[in-house]
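Trainee: Kindly produce the complete structure, drawing on both the sequences and the hints.
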Amino acid sequence: MTNIDIEVRVNGVPQRHSVPPRLTLADFLRVDCGLTGTHLGCEHGVCGACSVMLDGEAVRACLVFAVQADGAEITTIEGIASKDGTLSTVQAAFRDNHGLQCGFCTPGFVMTATALLKDNPRPSDDEIREGISGNLCRCTGYQGIIAAVRAAAEADDQSH
Numbered sequence: 056m057t058n059i060d061i062e063v064r065v066n067g068v069p070q071r072h073s074v075p076p077r078l079t080l081a082d083f084l085r086v087d088c089g090l091t092g093t094h095l096g097c098e099h100g101v102c103g104a105c106s107v108m109l110d111g112e113a114v115r116a117c118l119v120f121a122v123q124a125d126g127a128e129i130t131t132i133e134g135i136a137s138k139d140g141t142l143s144t145v146q147a148a149f150r151d152n153h154g155l156q157c158g159f160c161t162p163g164f165v166m167t168a169t170a171l172l173k174d175n176p177r178p179s180d181d182e183i184r185e186g187i188s189g190n191l192c193r194c195t196g197y198q199g200i201i202a203a204v205r206a207a208a209e210a211d212d213q214s215h
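Using our numbering, the letters of the sequence shown correspond one by one to residues 56 to 215.
None of these hints come from the bench; they were simulated from the model.
Some hints could be false.
Said to hold, decoys possible - What follows is a set of in silico ranges between Cβ atoms, one per label pair, in the way DEER data are often shown:
(1) I59 x L95: 17 to 25 Å
(2) S188 x G158: 15 to 23 Å
(3) D87 x D181: 37 to 45 Å
(4) E62 x N175: 37 to 45 Å
(5) S188 x A147: 20 to 28 Å
(6) F159 x G67: 39 to 47 Å
Positions of the beta carbon are idealized from the N, C-alpha and C atoms, including for glycine.
Mentor: Next up, the structure:
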C-alpha cells in the first residue's frame with residue numbers, strides 16, 4: 056500500500072509524516088513521534104491506556120488510524136504539563152490522592168479525566184465514575200482515581 060501524507064499538531068508542535076493507511080494513531084505517536092507515554096494495553100479499545108485528546112476529545116488511539124487525524128490537534132500525556140514541567144492540575148491530583156500505583160493506566164486516566172473536566176468542570180462522583188468507565192486499572196480499586204478527579208475539579212474551581 057502507498058503511504059499517505061498527514062499533517063497534525065502534536066502537543067502544539069506541527070508534524071508532517073508519510074504513514075501507511077492502517078497505522079494506528081497510538082503506533083504513530085509512539086513510533087513516528089517518539090511519544091511513548093501513550094501506552095498500549097489491549098489494542099482493542101477496551102482498557103483506555105492509549106487515551107489521548109484529539110481536537111479536545113478523549114479518544115482511544117488504538118482505534119483511530121493516523122490518517123483519520125490529518126489536520127487535527129492531538130494532545131498526549133507529554134503535552135499535559137506546563138512547558139516548565141509543572142504538572143497539570145489533574146496530574147498533581149493523581150499524585151496527591153494516590154490515584155496511581157503501577158502507573159501503566161495513569162496516562163490514559165489523566166487524559167480521560169482532563170477531557171471530562173473540560174466538558175464538566177464540577178462532576179458528581181457518579182459522573183466521574185461514568186466519565187472514567189472506559190478506562191481500566193488493575194491496581195488501585197478506583198477510589199484514589201475518583202478522589203483525584205474530584206480534587207482536580209475542586210482545585211480548578213478554586214483557581215477561577
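Trainee: Take the hints in turn and mark each one as holding or not.
Mentor: Comparing the hints with the structure gives:
1. For I59 and L95, the hinted distance range of 17 to 25 Å is satisfied, since their beta carbons lie about 22 Å from each other.
2. The supplied range of 15 to 23 Å is met by S188 and G158, whose beta-carbon atoms lie about 20 Å from each other.
3. In this structure the hint that D87 and D181 lie 37 to 45 Å apart at CB holds, the actual value being about 39 Å.
4. Between E62 and N175 the CB atoms are about 31 Å apart, so this pair departs from the stated range of 37 to 45 Å.
5. Against the hinted window of 20 to 28 Å, the Cβ-Cβ separation of S188 and A147 comes to about 23 Å, which satisfies the hint.
6. At about 26 Å, the CB distance of F159 to G67 disagrees with the hint of 39 to 47 Å.
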